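Chemist: I would like the entire structure built from these sequences, with the hints used as guidance.
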Amino acid sequence: MPKLKTGGRFKSAVCAGEIMVVTASEDDVVLTCGGADMVAPGTEVADGAQVHPDHAVGIAMGKRYISEDETIEVLCVKAGDGSLAVNGQLMLQKDTKQLPKTD
Amino acid sequence: MMFSAENLAEFDMAMSIPADDLNACVEQAVLGIARGYPDASLPSADWVLKARATELGIAPAGQWSANRSCHLMACEAGWLAVNLARDSDWTLLNAWLETDARLTNWAALRTVLVPRSGRDLLDRGREMGLPLAFVDTGGSDADEAERPASMMSPDDLNTAGRSLRGAKVVDLSALWAGPLCAHLLHRCGAEVTSVSSVQRPDGSRQGNPVLYQQLRAGHEHLVLDFDDPAQRQQLARLLASADVVIEASRPRALRQLGLDRESLKINNPQIWLSITAYGRKPPAEQWVGFGDDVAVSAGLLHWDERGHPQFVGDAIADPLTGVYGALAVVESLAQGRSGLLDVSMASIARRCQQKILAAGQDIVCPLSAATSC
Chain S
1 MPKLKTGGRF KSAVCAGEIM VVTASEDDVV LTCGGADMVA PGTEVADGAQ
51 VHPDHAVGIA MGKRYISEDE TIEVLCVKAG DGSLAVNGQL MLQKDTKQLP
101 KTD
Chain B
1 MMFSAENLAE FDMAMSIPAD DLNACVEQAV LGIARGYPDA SLPSADWVLK
51 ARATELGIAP AGQWSANRSC HLMACEAGWL AVNLARDSDW TLLNAWLETD
101 ARLTNWAALR TVLVPRSGRD LLDRGREMGL PLAFVDTGGS DADEAERPAS
151 MMSPDDLNTA GRSLRGAKVV DLSALWAGPL CAHLLHRCGA EVTSVSSVQR
201 PDGSRQGNPV LYQQLRAGHE HLVLDFDDPA QRQQLARLLA SADVVIEASR
251 PRALRQLGLD RESLKINNPQ IWLSITAYGR KPPAEQWVGF GDDVAVSAGL
301 LHWDERGHPQ FVGDAIADPL TGVYGALAVV ESLAQGRSGL LDVSMASIAR
351 RCQQKILAAG QDIVCPLSAA TSC
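So the protein sequences, as listed, match chains S and B. As numbered in the working numbering, residues 1 to 103 make up the first sequence, in order. As numbered in the working numbering, residues 1 to 373 make up the second sequence, in order.
These are calculated hints, taken from the structure and not from any lab test. All of these numbers come straight from a predicted model, not from anything done at the bench. A couple of the hints might just be wrong.
Computed Cβ-Cβ distance ranges for the label pairs, DEER-style [stated by the list, open to error]:
1) B:236 <-> S:68: 34 to 40 Å
2) B:44 <-> S:69: 55 to 61 Å
3) S:27 <-> B:308: 42 to 48 Å
4) S:27 <-> B:258: 38 to 44 Å
5) B:117 <-> S:28: 28 to 34 Å
6) S:71 <-> B:46: 50 to 56 Å
7) S:47 <-> B:221: 48 to 54 Å
We put the CB at the ideal spot given by N, CA and C, even for glycine.
Modeler: In C-alpha cells, the structure reads:
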C-alpha cells in the first residue's frame, strides 16, 4: 500500500470506512480495515469482499484511532463495519473529546 | 412534514422586526417571552450578552475572539475563522493542512493559511470535525442566508395551549446556549432537571464558574454514567416524561445512545428543542461549531475601516440562541404544539444580523468600549 502521509486519506476495501492520517510514521506499515489493505480514495474495489470476522468491531465517524505503539494515529471521517489495524495489530480508539472550558 | 417558523407567530415576528443592535435583538426575544409570563423576573439584555465576558474580564480584539480561542485569518478569497477551543483540535492541524510544518502557535498557522483556498480548507476541516467558518470576500453569500430560524416537525399530539408553570424541563445541554434557554424557562416557572454525563463533563463549570452556577440556580442536578445501561434507562424514562427536552448535541450522539426521539417513542405532548451549530440536515448535522465561529459563518461581524472582519461580543451566537430558543419553546407550548423544534445557532445568528441590517445599522460589538471591544 502507499506510504502513510500526514493528512493522507484512505478508504476501506471491504466496508464504507474512510480515514485521514493524523500522525504518520517513517516506517513502512500496512494499514488495514476489516482485515484488508486500505486503498486511496479513488480506487475501484472488488464487489463482494468481506470484513474479516476478527476485524469487525467497526469504526465510528469523528473518532480517533491509535496504533498500539502510539506511532500512528488516524481520524475516522466515514463510519464502517471493519476495524483498523497496523501490521495486523488492531488500533485502539482514543478517549472521547472533552468539551472546551469556554466555547 | 416540516412546518416553518411562520407557524410560530410570536417567534417569527421577534425574528423579523428590525433591531438597532445586538442588545435590541435580545430585548425583543425577552419581551416576547414576557408577553406570556408577565410576572416572570427575566434578565436584562446586558446580562444575557455580557455575563461571561464580565466574569472573565474578556472582550474580543479585532480578529481575536473574546476568549482568544477563535482567530480570523486571511486566506485566499476571504477570511477563515479557526476555533481551537480544545487541545485536541491543535493536534489535527497537520492532517487538515497536509503539512509537516510545526504548527504549535497561531503565527505558524497564519503563515500556512494565507495562500490556501478558504473554501477548500473549510470543507476539509469540517469533515474532520474542526470548528471553522469562512467569510467569502469574493461576494458570494453566507451558507445560512435562506434558512428559516427554526423548523418544527409536529407530532399528532397537539393540545390546548400549555404553560411553563410547573412544566418539567430536562436539559441535556452544556456550555452556554442550551443552559441559558433552560434558565429562562425556569424563570417562567418550569421545573428544570440539568443532566450531565460522567464521560463528558461540562467544561464551562471550570471555565466560567459564576455563570455556570447562575444558569443552573434552582435546577435539580443529575450526573449519569452514560455507559451504564441502567442509568441510560433511567434517563430514557426521564426524557419520555418531560414536557420539554433541551439538547445541544449532534444528532448522531443521542442516536448512538438510543436516546433520540425516535428510539424513545415519545407518546405525550412534548417539545424537543434541538440546538445545533448548523441544523439537523446532512451534511451540516455533522459540523461542529461554537458561538464565535458560528457567528462568523452567519456574517454576524463588524467590518473595520480597512475592510477586515472583527468579532462582536463573546461567543455571540450562544446567548442569542439561548434567548430565541427559549422564545420558540414558549411559543410552541402556548400554541399547544408538540414535536421537534430544530434551532440552529447559525440561523439565529444570521437572522439577528439581518435584523440589524434591516434597521440600517452597522453591526457593532455589544461589550462596552471600556473593555477594548
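Chemist: Return the numbers of the hints above that this structure violates; sort them in rising order.
Modeler: none
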